[in-house]
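Asks: The primary structure of each chain is shown beneath.
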Amino acid sequence: MSHLPVLILVVYFAAALLLPLLAKLKNSFPGWGALAVTSLALLLSIASALYVGENGPYSYFPGGHGGPGIEITVDWVTVLMHLTINLVGLLILVYSLGDLKSELHPDSLPAYYSIYLVMLAALNGLVMAGDLFNLYIFIEICTIAACALVAIKPGKLCLEAGLKYMFLSTLGSGMILLGIGLVYMVTGELNMGALSEAIPLAFSSYPWNIYVAMSLFIVGFGIKSALFPLHVWLPDAHASAAAPSSAIHSGLIIKVFIIVVARLIFQIFGANLFAAIPAPEVILLLSTIGIFAGSVLAIAQTDIKRMLAYSTIAQISYIFMGFALAVPSGIMGGLLHIVNHGIMKSMLFLAAGAIIYKTGIRKIDELRGIGFRMPLTMSIFSIGALSMVGIPGFSGFISKYYLAFGALEAGKPIYVAVILASSLLNAIYYLPIVVRAFLGHKEGKFVWDQLPWPMATAMVIMAAFNLLFGILPGSLLRLVELAATALLS
Amino acid sequence: MTGLLNILLLLFLVVSALIAVCSRDLLTAVIIFIAYSLVMALVWQMLRAPELAVAEAVVGAGATALLLLAAIGKTRRHE
Amino acid sequence: MKEFYNYLPVLATCFPILATLPLFFIQRSSAKLRDIAALVIAGITLALVGSMYPFIKSLGTIGVSFSGILPPFGISFRADVLSFMLALIASAVWLLATIYSKEYMAHEGRLNRYYPFLLLSLGGCLGVFLTGDLFSLFVFFELMSLAAYVLIVHEESPLAMAAGYKYLILTLIGGLALFFGIVIAFEVAGNVQIGPGNYLFTEVNRLSFMAFISFLVGFGIKMGIFPMHVWLPDAHPVAPSPASALLSGIMLKTGAYGLIRMVYNVYGPDLIAQAGWDKILLVLAGITIFLGSAVAIAQTDIKRRLAYSSIGQMGYVLLGLSLLNVNGLTGTIFHIFSHALMKSTLFLCAGAMIYKTGKRQIREFAGIGFQMPITIGCFTVAALAMIGIPPFNGFISKLVLSIGALDAGKPGFVFLLVLSSLMNGIYYLPIIINAFLGVEKEKRVWAKPFTELKAGMWVPIVLLALGCLIFGLFPINYPLAWAESAANLLMGVVK
Amino acid sequence: MFDKLLANLHFLAAMLLFIIGFYTMLTDSNLIKKVIGLNIMDTGIFLFFISLGYSGGPAGGEANPLPSALMYGGLAAAVSLTAFGLAMIVRLYKYYGTIDADEIMSKRGEAE
Numbered sequence: 001m002s003h004l005p006v007l008i009l010v011v012y013f014a015a016a017l018l019l020p021l022l023a024k025l026k027n028s029f030p031g032w033g034a035l036a037v038t039s040l041a042l043l044l045s046i047a048s049a050l051y052v053g054e055n056g057p058y059s060y061f062p063g064g065h066g067g068p069g070i071e072i073t074v075d076w077v078t079v080l081m082h083l084t085i086n087l088v089g090l091l092i093l094v095y096s097l098g099d100l101k102s103e104l105h106p107d108s109l110p111a112y113y114s115i116y117l118v119m120l121a122a123l124n125g126l127v128m129a130g131d132l133f134n135l136y137i138f139i140e141i142c143t144i145a146a147c148a149l150v151a152i153k154p155g156k157l158c159l160e161a162g163l164k165y166m167f168l169s170t171l172g173s174g175m176i177l178l179g180i181g182l183v184y185m186v187t188g189e190l191n192m193g194a195l196s197e198a199i200p201l202a203f204s205s206y207p208w209n210i211y212v213a214m215s216l217f218i219v220g221f222g223i224k225s226a227l228f229p230l231h232v233w234l235p236d237a238h239a240s241a242a243a244p245s246s247a248i249h250s251g252l253i254i255k256v257f258i259i260v261v262a263r264l265i266f267q268i269f270g271a272n273l274f275a276a277i278p279a280p281e282v283i284l285l286l287s288t289i290g291i292f293a294g295s296v297l298a299i300a301q302t303d304i305k306r307m308l309a310y311s312t313i314a315q316i317s318y319i320f321m322g323f324a325l326a327v328p329s330g331i332m333g334g335l336l337h338i339v340n341h342g343i344m345k346s347m348l349f350l351a352a353g354a355i356i357y358k359t360g361i362r363k364i365d366e367l368r369g370i371g372f373r374m375p376l377t378m379s380i381f382s383i384g385a386l387s388m389v390g391i392p393g394f395s396g397f398i399s400k401y402y403l404a405f406g407a408l409e410a411g412k413p414i415y416v417a418v419i420l421a422s423s424l425l426n427a428i429y430y431l432p433i434v435v436r437a438f439l440g441h442k443e444g445k446f447v448w449d450q451l452p453w454p455m456a457t458a459m460v461i462m463a464a465f466n467l468l469f470g471i472l473p474g475s476l477l478r479l480v481e482l483a484a485t486a487l488l489s
Numbered sequence: 001m002t003g004l005l006n007i008l009l010l011l012f013l014v015v016s017a018l019i020a021v022c023s024r025d026l027l028t029a030v031i032i033f034i035a036y037s038l039v040m041a042l043v044w045q046m047l048r049a050p051e052l053a054v055a056e057a058v059v060g061a062g063a064t065a066l067l068l069l070a071a072i073g074k075t076r077r078h079e
Numbered sequence: 001m002k003e004f005y006n007y008l009p010v011l012a013t014c015f016p017i018l019a020t021l022p023l024f025f026i027q028r029s030s031a032k033l034r035d036i037a038a039l040v041i042a043g044i045t046l047a048l049v050g051s052m053y054p055f056i057k058s059l060g061t062i063g064v065s066f067s068g069i070l071p072p073f074g075i076s077f078r079a080d081v082l083s084f085m086l087a088l089i090a091s092a093v094w095l096l097a098t099i100y101s102k103e104y105m106a107h108e109g110r111l112n113r114y115y116p117f118l119l120l121s122l123g124g125c126l127g128v129f130l131t132g133d134l135f136s137l138f139v140f141f142e143l144m145s146l147a148a149y150v151l152i153v154h155e156e157s158p159l160a161m162a163a164g165y166k167y168l169i170l171t172l173i174g175g176l177a178l179f180f181g182i183v184i185a186f187e188v189a190g191n192v193q194i195g196p197g198n199y200l201f202t203e204v205n206r207l208s209f210m211a212f213i214s215f216l217v218g219f220g221i222k223m224g225i226f227p228m229h230v231w232l233p234d235a236h237p238v239a240p241s242p243a244s245a246l247l248s249g250i251m252l253k254t255g256a257y258g259l260i261r262m263v264y265n266v267y268g269p270d271l272i273a274q275a276g277w278d279k280i281l282l283v284l285a286g287i288t289i290f291l292g293s294a295v296a297i298a299q300t301d302i303k304r305r306l307a308y309s310s311i312g313q314m315g316y317v318l319l320g321l322s323l324l325n326v327n328g329l330t331g332t333i334f335h336i337f338s339h340a341l342m343k344s345t346l347f348l349c350a351g352a353m354i355y356k357t358g359k360r361q362i363r364e365f366a367g368i369g370f371q372m373p374i375t376i377g378c379f380t381v382a383a384l385a386m387i388g389i390p391p392f393n394g395f396i397s398k399l400v401l402s403i404g405a406l407d408a409g410k411p412g413f414v415f416l417l418v419l420s421s422l423m424n425g426i427y428y429l430p431i432i433i434n435a436f437l438g439v440e441k442e443k444r445v446w447a448k449p450f451t452e453l454k455a456g457m458w459v460p461i462v463l464l465a466l467g468c469l470i471f472g473l474f475p476i477n478y479p480l481a482w483a484e485s486a487a488n489l490l491m492g493v494v495k
Numbered sequence: 001m002f003d004k005l006l007a008n009l010h011f012l013a014a015m016l017l018f019i020i021g022f023y024t025m026l027t028d029s030n031l032i033k034k035v036i037g038l039n040i041m042d043t044g045i046f047l048f049f050i051s052l053g054y055s056g057g058p059a060g061g062e063a064n065p066l067p068s069a070l071m072y073g074g075l076a077a078a079v080s081l082t083a084f085g086l087a088m089i090v091r092l093y094k095y096y097g098t099i100d101a102d103e104i105m106s107k108r109g110e111a112e
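Chains A, B, C and D supply the protein sequences, listed in that same order. Its first residue numbered 1, the first sequence is counted upward by one per residue in my numbering. Its first residue numbered 1, the second sequence is counted upward by one per residue in my numbering. Its first residue numbered 1, the third sequence is counted upward by one per residue in my numbering. Its first residue numbered 1, the fourth sequence is counted upward by one per residue in my numbering.
Be careful, since some hints might not be right.
Residues of chain A clear of chain C, computed beta-carbon distances all greater than 10 Å [claimed, not checked]:
1. Ala36
2. Pro392
3. Glu409
4. Ser423
5. Ile461
With a straight-line cut-off of 30 Å between C-alpha atoms, the simulated DSBU-like cross-links for lysine-lysine are [to be verified]:
6. A/Lys445 to C/Lys443
7. A/Lys156 to D/Lys94
8. A/Lys363 to D/Lys107
9. D/Lys107 to A/Lys445
10. A/Lys156 to A/Lys24
11. B/Lys74 to D/Lys107
12. A/Lys363 to C/Lys356
13. A/Lys358 to B/Lys74
14. A/Lys445 to C/Lys356
15. C/Lys356 to C/Lys443
16. D/Lys107 to A/Lys156
17. A/Lys101 to D/Lys94
18. A/Lys156 to B/Lys74
19. A/Lys363 to D/Lys94
20. D/Lys107 to D/Lys94
Keep in mind the hints are simulated off the structure, nothing from the lab. Note that the Cβ used here is the ideal one computed from N, Cα and C, for glycine as well.
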């Protein structure tokens, strides 16, 4: 049973290899195959969650005991992220079955599904890596796959965005690798458990190595998860990619990197060292600027997907803020926002994708009256928008109020004001779209959307999760609380 | 003696890296990059990492350089 | 397992909210069925609220809480006499407005959207009155505010959209401010329950002051007190008349209700007096009363004039609750009640006049009294009540408020009340005079038939106007008694 | 002083290479130069690692297989990123007729 998380990786990688071959048999096979594999992975992660619930967190060497080797850590953070990744990944995949035919060249579909599965495998791997070696390997796999997901869509914009993303992301990887080197230099360890004991010892004799390594990690992962002002690659990449790629980028990939850096900071270096270089203050400041800059830039956008991309920069800053507060409520808020924003931003990107699929409209101005032609899509978009604004009853509200508690708990009420003010900014760019879609013109009757059923199903399920986590977040909160405790321990 | 060789090799690495990134002719840059990779392999060999040195010689001076040459062939040589 | 009656507030709140869903489906099949269903739902809601009465009377407080929904606060419901009284008047006026809507809204169109949102905002409004903690109050407050947005922009004219946008942004600011206050309250007290004696703030410091300002902004925006009233004069006139009646008559009062709860349950009158924050409220009240009344005089559009009048009247409400004594509070609560009756009457009458003539300027209504005597009659009753002429209910609330001001040793406010009554007279009486005497003598003939209004429209108006009369005239005045006992309860006076 | 420098010469060279590569990737507008920069940066880090693992870092170098595995992984990642990046650059050249990032940006600006 304890091998379940590794099995997820095995299943994904095996399927990623097999799917292009199977595509030779039948064209529609890769999509459905990927769907089956992702569902299986979701089941496996649920089983793994139950197992951890029964037996508690554990870590072990899949390659056998004795001596240092690749280590897998399965704690509550891993469980939470596995569930999120595989659930959101599955829903986005369901949507892709309907949408991708219109966005990609048919020949590249099998490759897309393969890359997608490799991506999911790498994300799953990142959150359970127990040593810096396989962490780095998964980071590199993730970088290449993420880049490929953007660049696979035909068109020069996607190529350019993909290339920009690749270069910056590689810079990030380089800094992370150098950080690993600096840590290894003073401790001789790559295993996270051993590092957490070795670093305080090494710190007394080599403080600068530790400081620099920690800064390199923060900046390196900051690039990958678009911490302001390292976000420059994000708007192009997220706006130009195919809708499902944008969704998984904005919804999952950048968040997983935040989880990884949070785990490195809190579990290896410890909150004290984190606070010793004024990293929390710097991150709080940057995320405050990021929240406002992201929102203001989002207001200025005319293209709906670019607007969503800038909004992601603001929302990512909330998560950074939650972690940088370094108090339980703040971290809970950050984790909750990872889950909630993962679902709602994916949902919004998918809804935008559905609009583009059906009408080809990308300009926000032209969305007037779209609510009458695509009532389902726009209702779902509205749910996502209200959730972003933080209206009670939607999931975004729950994470915002934990962030607000975190700010008060950390004795920094100013950040409550920041969170609230930015909610208003969110309202300024999200609500006019909703209003324009349904109100303000004399259009008459509703006409049903007529989307392919996989697209509609995926969006409806996401909306349902959004409302569920908004109204009855009990079980999610318990899980997040366990994860927050695990991070801080 | 090894110390001096070390210094020379490392100096060569830094200087060739600088020339590679400063050269306005991409072909020159790639050729210098090949030399850089070979010297890098030599340094690793001296640091008693023979397998890695071989890997670097094959991957760096071989595969990467070929890829770069192919790319230059398909685009253009000068900046 | 709690007794069933504890679930009555839940039922009363959730019934109209949940009923919007079947309404959405009913309306697809038949418009007639939809109109009836909307009426039935509003009626049942009124009955549910009414059925709480015996239990409130015998037990004082009923309620239940659900901690699983929206943790960590949970949603809780609680009804005491104040909640009951306001919920009752809200659901009653809502029912009458729904009856009125059937006829009035027929030419407006988009009824399939109108009715569900009307009921949704009723649910939100009842939720505000019937919840047991600040957080649930905030949740329902937001629900009501957002549902009301759809009612405001119903016409979808550029004017309505602009007013709606202003309203939306200010409402959101208010909601966020409230939320800020609630987070602080939770941080300070560890809970946000509303209950007698459960003061969440016990000392005067920076944090409690920040929370106070947040609550004031949050509720003040909804209530329309100066300087947070800017959305009100735009939003009320553009909404369809029954919706304006509800906005002005009931929804403004949710802000007042929230302020009452804040001053008397969250902080406690002693703390407010000790901190001297009642002065802030009094100053705002004074400005609001004067400003609302003065600007109303300058308005030529009848609904805008009514909207500014509402601002002035909300000033009375704020004045009474910041006097921090039993009489002032009684006056406030009774004024909330009577203003709901009066202002709804006025807006529905104005709606009837606009419906009939298609005009909105006051001077264009010259001589209309001869064509629509019932409407203008009711308008007159309500306007006189507004001015505060005995024996109408407006007189009683002003009287009690004045006594409260004297009790508090602030006779200046009595003068302000009288002055503003005078100003009320200045802007209401010309409408009535114009309606009868605005035309030449030969044109002053009674139209036959008297009115072209259908019963669906005049019955609600007449009932509301009768309410203004009854609750001023009759010696046994239940609402006044309720207001008094609610005030005693809030002040912590044990009788 | 000179001894200390000599002992740390590999670190120094590695850092210099890292910075050269990093700077090139960040600032050079020629896309192929960026790729060369990428490789220089990566090999710089690998040099750093190797000099740690084999000359015995301060914590004492045990026979740990992970660092060299990390190097192999890193080499593989570098070469695949190079291949992938160059493929994209070639395709981009077909669209814009240039491999200069600034020129591409300005051409994009004109197109809009």
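Asks: Report the numbers of all earlier hints that the structure fails to satisfy, in ascending order.
Replies: 2, 3, 4, 6, 9, 12 and 13
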